[in-house]
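Undergrad: Got chain A; can you put chain B on it based on the hints?
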Amino acid sequence: LGEEFGDADEAVWGLARTFPQFSAHKVITRKQIVIFLTILCLVLMAAAYDPHDLALVAAAVGAVGFVANVVFRSLLIWIGAREEPQPADAALHIRDEDLPVYSVLVPVYREAHIVPSLVAGLRALDYPLAKLDVKIVTEADDAETVAAAEMHAQCEGFSVVKVPPCLPRTKPKACNVALPLAQGEFLVIYDAEDRPERDQLRKAVAKFRAAPQSLACLQARLTFYNAGAGWLAAMFTLDYELWFGFLLPGLARLSVPMPLGGTSNHFRTNVLREIKGWDPFNVTEDADLGIRLAQRGYRVTTLDSTTFEEATTTFGNWTRQRSRWMKGYMQTWLVHMRDPAGLVRHAGIGGFATFQLFIGGAFFAALINPVLWLMFLATRVFAVDFSFDAIATVSVIGGNALFTYLMMLGAIRRGWHGLAPCGVSAFIYWLLISVAAYRGLWQLVVKPFFWEKTTHGVARGKAVRT
Amino acid sequence: MTLGGRIGLPVVFAAVAALSITVAWLGLGPVMTAGAIPAAVLAVLMFARLRHGAYSAVAAGVVCASFFAQPGLAQHLMLPDGPVWLALVVFALAASGADAVTRPGVRPIIALGVSLAVVQAIDPIGVYIVAAIVPILVSLPQLRANGAQAVTLAVLVLFVPIVAAVLLREAPALALPSILTALGLRSAAVPAPISPFALISAVGAAIPFLLLPTISRTLRTPASVFAAMLTLLVIAAFALTAVLGARREAYWLAATVMPLAAVIASALKPAPSRERLVIMTSLLSLSFSWAAWSV
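For the protein sequence lines, the chains are A and B, in the order given. For what it's worth, our numbering labels the leading residue of the first sequence as 1, then goes sequentially. For what it's worth, our numbering labels the leading residue of the second sequence as 1, then goes sequentially.
Okay, chain A solo, but in the shape it has when bound (with noise of 0.2 Å):
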């Protein structure tokens, strides 16, 4: 069993060091409070000239904002559902000693009983052990993981790589101390409770070798085992195979800018280490990894093998954990749109177009749902004239609706028909991510290192927080 120590300065300071612009430790720059100052100028002068006007070109821009999110999604559906010929299985066939060094990265919290099944899961991979270098990464003061990661860890390719306890206590920062230490030239990130399928990194190897190097990163599909667990789980589900089936295949195929899910991303790791890997302030450090090696000319791609992952089942565990997705989403946006003509420059107007739609569009159309549901009932229920009835009514109407009509197309990809009636009630699941977003903007504000923990293991009876 090896045990490792890791350069936790480097870990947290090197990308702002090194890259400043990229890194969400300043959460926004003077230039972009003067420029949001000014807007709120115009628009508070324009309230005391004419507010009904205003209002009116508020909704507008509120509904056209909206309903052009979930269009541009529902093209993106259309074209990552294009089926293509599957080449022949490759991954079959290399054999084990053409096979390079995989290193495996996880970084495990307070999750000390799920560390037996996660080093049982991993040695059955089918890849040779000789060529794994496994890092279980752990906070050194987590007295209780360390020891189970010590104990069940004793083999071949395993080692504990101890993170320093510092600030900011987030996952970017852990994977960035063992980062240095991988000795693979290929590197994987899993989660504690990731079940990947068996024959994954050889068909990334696959992948990889015969793309050229400019194909940096690839994502596997996530899933979730648990999608029975009730209508949460059902709709997490949904939301998933939407997202990995459909959405990111699409901007794959689009070669735009893909934000990276937060687990199962295989990377070049020599162009991880070039680009500083993670950032250990944004709480979406995934989403920006997949933007910032975009802005630096490398491509990311999908992987056609599937990670189960466990769907969270509870209101409060689901929305702490989607909150932080939406502020990393913010914090993202922030943080590339420093520079607005560089990122024209690196990823082209196409790409872009797409950041401003899909990562701008995430939660600034989970801000405005509720405004436009506000709207729409004023104008309906309470018979108020705002003079905007088409507005409210084909975005409310139409959007919720494409929105609902997606996510119940997320059922189809891999037959579980069973999901796709849930998928009638994503309009509440919409509402939901709504509460999440405004959680999560709230705390961009006061807190916006602050990792929101997410609860593993009660499918399988324990709870755990990672």
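Worth flagging that the hints you see were computed from the coordinates, not collected in a lab. Every residue gets a Cβ at the ideal spot worked out from N, C-alpha and C, and that includes glycine. Accuracy of the hints is not assured; some may be wrong.
[As the list claims (entries may be wrong)] Over the 12 Å line for every Cβ pair with chain A, so calculated as not near, a few chain B residues:
hint, residue
1, A69
2, Q75
3, M78
4, V151
5, I162
6, L199
7, I207
8, P222
[Unchecked claim] Now the stretches of chain A that chain B is said to cover, found in silico as 3 or more residues with beta-carbon under 8 Å:
hint, region
9, 12-23
10, 76-82
11, 415-421
TA: For chain B alone, coordinates are given in the frame of chain A:
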């Protein structure tokens, strides 16, 4: 893969609609009628569909040509306010429905739902088609055997037309017919009532194709059965709307029903005799129309 599948049916439709609207808007009718563009697209889609169904270029060409050679049909399809849009949408409906039956993927299901919503918005027969499509789909053996799949398909297929109907009711300004009328793509004038003779002529021309999946067990597939049932449904919807007082030109029924022959033919199981049979059926259908026309 069909042309529609490669490029994406919505993209094709959007491009055709944009081009046609531009032509109508600029008043280029004398040079190139707005109806000629969708008519050409319909021909290309029919041809591509047949080629995708493993027919030779000659056989696909014969089927398409026999459609356009129906008496008076080609010239009426070229009219900007003629039946070409309905024909195009019903063809898309049949093609996506057949694909959804064969392999219920996301794209055919979306295309089917959108086609239903559009046909419902542009023509009175749409309401009857929407009402009857789900019973037709779930009556097919492989969907009957899988209840959950049938429910999912039914919900997904009906969702888009229902929401479209609600939207049109709540925001009437979005109504497609009024937009088409405003753009000159739909005539505001009331045509003559459809004659029983035109009905018989069109049905007679369609019957040979309807018989193909019905009588030949070796050629029959669920998709071809679906397309044949949809053809019958379209004829019944036309008859019903005629009985209820709808007025339209005599060519509308033939123009709408005959392209479905390409969908039926393309869905037939490949067999040595299939191509010859389909060519003969096309010629038989064409002979019947011209005979009826002469009489």
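Undergrad: Hint by hint, where does the structure go against what was stated? Just the numbers, ascending.
TA: Going through the list in order, the structure violates hints 4, 5, 9 and respects the others.
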